[in-house]
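Chemist: Sequences are here, hints too, so could you generate the full structure?
There are 2 protein chains.
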Amino acid sequence: MRIGAAAGSVAMYQAMTRLGHAAGTDFRGPPALTGTRKGSTVLVLGAGLAGMLAAYELRKAGYTVRILEYQNRSGGRNFTLRGGDTLAELGGAVQHVQFARGNYINPGPWRIPYHHQAILHYCKQFGVALEPFIEVNHNSLLHSSTTFGGVPQRYRDYMSDFTGYTAELLGKAIRQDKLDQPIGPDEKRDLLAAMHGWGLLDKNGNYVSSVSASFRRGFDKPLGGGPDGAPIPSKPLPRSDIMKSGLWEWLSFNMNYEMQTTMFQPVGGMDMIGKGFAKQVGDLVTHNVKVTKIHQDAGGVTVSFEDMGKNNAVSEAKADWCVCTIPLSVLSQIDIQVNPAMKAAIGAVPYASSVKVGLEFKRRFWEQDEQIYGGISFTDQPISQISYPSTGYFSDGRSVLLGGYMFGNAAYAFAGMTPEERVQAALDQGSKLHKQYRDEFLNGVGVAWSRMPWTLGCCGTWNEESRRTHYKALTEIDNRIVLAGEHASYVGCWQEGALLSSLSAITRLHQRAIGAA
Amino acid sequence: MRIGAAAGSVAMYQAMTRLGHAAGTDFRGPPALTGTRKGSTVLVLGAGLAGMLAAYELRKAGYTVRILEYQNRSGGRNFTLRGGDTLAELGGAVQHVQFARGNYINPGPWRIPYHHQAILHYCKQFGVALEPFIEVNHNSLLHSSTTFGGVPQRYRDYMSDFTGYTAELLGKAIRQDKLDQPIGPDEKRDLLAAMHGWGLLDKNGNYVSSVSASFRRGFDKPLGGGPDGAPIPSKPLPRSDIMKSGLWEWLSFNMNYEMQTTMFQPVGGMDMIGKGFAKQVGDLVTHNVKVTKIHQDAGGVTVSFEDMGKNNAVSEAKADWCVCTIPLSVLSQIDIQVNPAMKAAIGAVPYASSVKVGLEFKRRFWEQDEQIYGGISFTDQPISQISYPSTGYFSDGRSVLLGGYMFGNAAYAFAGMTPEERVQAALDQGSKLHKQYRDEFLNGVGVAWSRMPWTLGCCGTWNEESRRTHYKALTEIDNRIVLAGEHASYVGCWQEGALLSSLSAITRLHQRAIGAA
Chain C
1 MRIGAAAGSV
11 AMYQAMTRLG
21 HAAGTDFRGP
31 PALTGTRKGS
41 TVLVLGAGLA
51 GMLAAYELRK
61 AGYTVRILEY
71 QNRSGGRNFT
81 LRGGDTLAEL
91 GGAVQHVQFA
101 RGNYINPGPW
111 RIPYHHQAIL
121 HYCKQFGVAL
131 EPFIEVNHNS
141 LLHSSTTFGG
151 VPQRYRDYMS
161 DFTGYTAELL
171 GKAIRQDKLD
181 QPIGPDEKRD
191 LLAAMHGWGL
201 LDKNGNYVSS
211 VSASFRRGFD
221 KPLGGGPDGA
231 PIPSKPLPRS
241 DIMKSGLWEW
251 LSFNMNYEMQ
261 TTMFQPVGGM
271 DMIGKGFAKQ
281 VGDLVTHNVK
291 VTKIHQDAGG
301 VTVSFEDMGK
311 NNAVSEAKAD
321 WCVCTIPLSV
331 LSQIDIQVNP
341 AMKAAIGAVP
351 YASSVKVGLE
361 FKRRFWEQDE
371 QIYGGISFTD
381 QPISQISYPS
391 TGYFSDGRSV
401 LLGGYMFGNA
411 AYAFAGMTPE
421 ERVQAALDQG
431 SKLHKQYRDE
441 FLNGVGVAWS
451 RMPWTLGCCG
461 TWNEESRRTH
471 YKALTEIDNR
481 IVLAGEHASY
491 VGCWQEGALL
501 SSLSAITRLH
511 QRAIGAA
Chain L
1 MRIGAAAGSV
11 AMYQAMTRLG
21 HAAGTDFRGP
31 PALTGTRKGS
41 TVLVLGAGLA
51 GMLAAYELRK
61 AGYTVRILEY
71 QNRSGGRNFT
81 LRGGDTLAEL
91 GGAVQHVQFA
101 RGNYINPGPW
111 RIPYHHQAIL
121 HYCKQFGVAL
131 EPFIEVNHNS
141 LLHSSTTFGG
151 VPQRYRDYMS
161 DFTGYTAELL
171 GKAIRQDKLD
181 QPIGPDEKRD
191 LLAAMHGWGL
201 LDKNGNYVSS
211 VSASFRRGFD
221 KPLGGGPDGA
231 PIPSKPLPRS
241 DIMKSGLWEW
251 LSFNMNYEMQ
261 TTMFQPVGGM
271 DMIGKGFAKQ
281 VGDLVTHNVK
291 VTKIHQDAGG
301 VTVSFEDMGK
311 NNAVSEAKAD
321 WCVCTIPLSV
331 LSQIDIQVNP
341 AMKAAIGAVP
351 YASSVKVGLE
361 FKRRFWEQDE
371 QIYGGISFTD
381 QPISQISYPS
391 TGYFSDGRSV
401 LLGGYMFGNA
411 AYAFAGMTPE
421 ERVQAALDQG
431 SKLHKQYRDE
441 FLNGVGVAWS
451 RMPWTLGCCG
461 TWNEESRRTH
471 YKALTEIDNR
481 IVLAGEHASY
491 VGCWQEGALL
501 SSLSAITRLH
511 QRAIGAA
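These protein sequence lines map, in sequence, to chains C and L.
Just so we're aligned, residue 1 is where the first sequence starts under UniProt numbering, counting upward by one.
Just so we're aligned, residue 1 is where the second sequence starts under UniProt numbering, counting upward by one.
Hint data in this document are derived by calculation from the structure and do not stem from the laboratory.
What you were told as hints is all true, and nothing was included just to trick you.
Pair ranges (Cβ atoms, derived):
#: 1; chain 1: C; residue 1: V211; chain 2: L; residue 2: D335; range: 29 to 39 Å
#: 2; chain 1: L; residue 1: D369; chain 2: C; residue 2: G84; range: 39 to 49 Å
#: 3; chain 1: C; residue 1: T36; chain 2: L; residue 2: R363; range: 26 to 36 Å
#: 4; chain 1: L; residue 1: D186; chain 2: C; residue 2: S212; range: 27 to 37 Å
#: 5; chain 1: C; residue 1: G35; chain 2: L; residue 2: K221; range: 21 to 31 Å
Some chain L residues flagged as far from chain C (calculated, every beta-carbon gap over 10 Å):
#: 6; residue: H287
#: 7; residue: D320
#: 8; residue: I514
Derived lysine-lysine pairs resembling DSS-like cross-links, with alpha carbons at most 30 Å apart:
#: 9; chain 1: C; residue 1: K203; chain 2: L; residue 2: K188
#: 10; chain 1: C; residue 1: K362; chain 2: L; residue 2: K124
#: 11; chain 1: C; residue 1: K435; chain 2: L; residue 2: K124
#: 12; chain 1: C; residue 1: K472; chain 2: L; residue 2: K221
#: 13; chain 1: L; residue 1: K124; chain 2: L; residue 2: K279
#: 14; chain 1: C; residue 1: K178; chain 2: L; residue 2: K188
#: 15; chain 1: C; residue 1: K124; chain 2: L; residue 2: K221
#: 16; chain 1: C; residue 1: K188; chain 2: L; residue 2: K203
#: 17; chain 1: L; residue 1: K178; chain 2: C; residue 2: K188
#: 18; chain 1: C; residue 1: K221; chain 2: L; residue 2: K124
#: 19; chain 1: C; residue 1: K178; chain 2: L; residue 2: K203
#: 20; chain 1: C; residue 1: K188; chain 2: L; residue 2: K188
#: 21; chain 1: C; residue 1: K221; chain 2: L; residue 2: K472
#: 22; chain 1: L; residue 1: K435; chain 2: C; residue 2: K124
#: 23; chain 1: C; residue 1: K124; chain 2: L; residue 2: K362
#: 24; chain 1: C; residue 1: K178; chain 2: L; residue 2: K178
#: 25; chain 1: C; residue 1: K203; chain 2: L; residue 2: K178
The structure presented is a predicted model; accordingly, all values stated were derived computationally and were not measured.
Where a beta carbon is used, it is the ideal one built from N, C-alpha and C, also for glycine.
Modeler: Okay, here's the thing in structure tokens:
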């Protein structure tokens with residue numbers, strides 16, 4: 001910033017550009033692990049993406065690898081619910097998903113940003129087909145219960161009016177030389193041009209009903225053909241309510257690096273990725289085993305586990321090294337023999353709760369009645385979001401949308417309900433945005449991550465303080481054990497974090513194993 | 001606006017919402033044409049989308065229809081160039097397209113907005129599969145030759161900084177009560193909250209390098225996993241250059257109703273739509289005939305044409321009615337017997353020139369090196385845009401991008417070049433955005449619409465004056481002849497306009513034919 005403010009030369013810019021800032025996450029290609037000692041063995045705990053990637057790359061490097069997994073499937077939080085699936089949760093509730101064939105919901109990860117280059121790399125390598133995930137939809141709805149009389153507004157209307165009023169206010173302040181700092185005549189001219197063009201202001205600097213503004217927010221009578229084709233412009237919403245509603249929060253949200261275009265999703269459900277990984281390392285996985293103890297000494301690592309398919313018979317597995325990807329929420333309850341700092345770190349990261357509700361309807365009324373194809377509507381109700389499927393556009397028949405996706409207090413409230421109550425609450429709240437909800441509803445499923453016994457929450461939530469105190473100790477190798485997973489990364493709560501953490505962990509472990517570190 | 005400014009009640013809002021403004025164009029479903037007189041005949045001139053839709057609906061209504069078409073294919077401006085195709089232009093140049101199998105460029109229409117409900121309707125009806133077209137890509141480039149030392153900037157960087165500085169300036173003016181109008185304490189609080197949240201300002205109201213701003217514009221060192229996972233924030237570009245560059249024009253452009261998400265394109269090329277229509281009415285089309293005269297009297301319409309496949313032998317066709325979809329640029333040179341007002345209108349609408357350049361490269365370097373998946377980079381050079389394919393993401397091998405898309409003076413300049421020169425100019429200019437251009441280039445094609453003999457320009461360009469003077473006369477039926485096409489609509493230069501115009505024309509013609517109007 002100081003450089004930028006001080007200069008303006010070509011050289012400076014070129015320097016900035018050469019420094020560049022990277023487009024992606026910190027992925028530099030798959031690791032090249034060479035020189036593995038013959039007979040080296042690794043135990044990987046957890047067959048989520050972090051664990052399976054560790055196993056894949058370590059086996060490739062010459063290690064003998066075994067994965068222990070609590071569930072009866074691989075993939076971990078990467079999973080997809082389809083018709084016929086059953087979901088049991090803590091508290092005893094069991095849901096039987098009734099979606100039509102081909103319909104699904106991704107309860108965990110559901111979208112992949114363009115800069116998550118590690119997961120994009122492995123999707124390609126493992127043959128997982130991707131399609132665009134639509135995040136922003138200008139025809140979706142923004143809903144504030146307390147503003148605009150509770151009536152949902154179109155994203156395009158709100159965006160246009162927020163932009164227009166902001167430009168109008170700033171344009172007038174500039175014109176009257178009322179900024180807090182003097183600006184030169186050139187910058188004044190440039191700023192005024194920007195506010196007029198970007199804000200679609202009229203020649204007096206006002207944002208008003210006009211053809212040009214309606215070419216952004218839409219017309220009251222749309223454009224047509226033949227003699228009656230002329231449109232009628234629409235009218236802006238009142239400025240005070242535009243600002244009061246706080247709906248700019250969603251414009252801001254969608255500018256976030258992690259929500260920018262182009263995002264992707266696997267064709268057919270997010271678990272195509274988990275299945276792609278499992279195809280590579282499925283032969284290494286022992287399912288249905290519950291790790292109870294992770295000990296180490298100079299000779300190796302010993303993991304005790306109960307085989308849930310065999311009356312919880314206790315077994316032991318031994319290896320030279322251990323990559324533990326068990327979520328900290330669960331790991332903190334396991335007897336693990338690591339140094340006190342790592343032990344403290346394991347207990348220091350609370351897990352976020354999150355709830356997703358999938359709702360199946362008789363037809364895609366959001367497309368057929370409202371021309372909403374993919375994307376998300378936002379509301380200040382607990383459900384927070386309604387996300388329309390970014391696949392199968394224009395198709396007839398039953399369709400599933402994401403009827404709620406919440407964190408924090410709303411998630412705890414929904415997790416406290418029965419699954420049926422979650423679905424009903426999502427229907428009640430969603431009806432405020434779509435009047436078709438009740439008539440078209442067929443069935444639903446509500447997934448509360450805090451009730452999933454194998455993860456007890458959806459992901460680790462670091463803050464500045466815990467990062468400073470515990471992150472280093474959590475991620476550094478303790479003798480023969482290294483932790484991996486999204487919780488051991490700065491890309492928390494994303495699959496990318498799990499992969500980057502895993503690559504970092506195995507690269508360092510390998511260096512230690514061959515005596516190079 | 002007056003209503004909005006005067007009130008704020010729930011009732012007012014609900015009234016506004018009930019009035020609503022329509023999401024789509026003025027499409028109300030396919031026409032229900034009943035009561036057709038037995039033996040009624042129609043001649044349709046032109047087998048573009050307007051002509052084929054007219055033929056399809058009129059045959060369904062009971063008319064006997066014949067289409068006369070100048071070219072040796074149906075579809076008109078809806079077409080796609082693939083490897084093996086040949087394109088001849090006025091002046092004699094012939095291009096042989098060398099793209100690899102599966103690669104293509106759409107020289108004419110290439111994207112469909114969500115609110116173009118007529119074309120979306122017929123795509124579904126005729127089984128044309130659609131996929132998302134990516135318009136906005138936050139990782140694409142914005143390029144001003146005269147600012148930032150000529151170095152292209154990432155869309156996300158520019159967007160973030162433009163937003164941040166705008167919010168900072170307005171926030172400070174608000175804080176110091178320097179707006180041109182008094183605002184109450186509530187609105188002041190709301191406005192300040194908006195500027196801080198939307199602009200990602202620090203607690204002093206400044207837009208500076210920060211973690212939160214970097215979560216919008218990207219980090220200098222990206223987020224990673226393991227001990228070294230911490231990111232390093234990036235630094236904003238200087239405010240004066242953000243404003244001076246004028247690149248906000250593209251942010252504004254992409255907010256336009258016609259560029260908003262979700263857009264679509266046919267899977268496999270835009271001509272899948274033309275082919276979908278041709279499948280319905282192909283049996284009605286006589287290709288390779290040049291209409292020279294369109295006369296009418298009380299008994300019917302007589303069209304003279306030369307059969308270009310038979311040494312230009314002159315023939316006549318007769319019908320009760322005529323739907324003429326010939327572009328005005330061509331029609332104005334044909335002997336057509338219509339009233340003076342329509343005749344004047346036919347001559348009053350100039351046709352825009354437009355040029356598109358398709359470039360094939362050895363590989364998708366924009367994806368592999370720069371993580372740009374679909375979307376458009378913008379530049380102030382004549383090429384104006386570089387659009388990356390919204391299909392086949394992540395695939396290996398040769399790929400085609402749109403290396404230039406221009407209107408106005410730039411288009412005339414490019415149309416004046418040989419096809420080879422167009423391609424070279426697009427390469428020169430594109431190299432300013434992508435250094436890989438020269439190394440990876442294979443072949444290209446440059447389509448100048450002003451040199452297409454069958455349309456002599458890309459579409460009609462109305463202005464307020466010509467609309468007022470001529471639009472009514474152009475679109476109203478003259479005895480037995482009605483005109484249709486994008487030029488006879490308010491959705492000019494879009495396929496939707498051609499369809500809406502056609503539906504309007506045949507609906508009115510049918511009313512007249514059955515004696516109801």
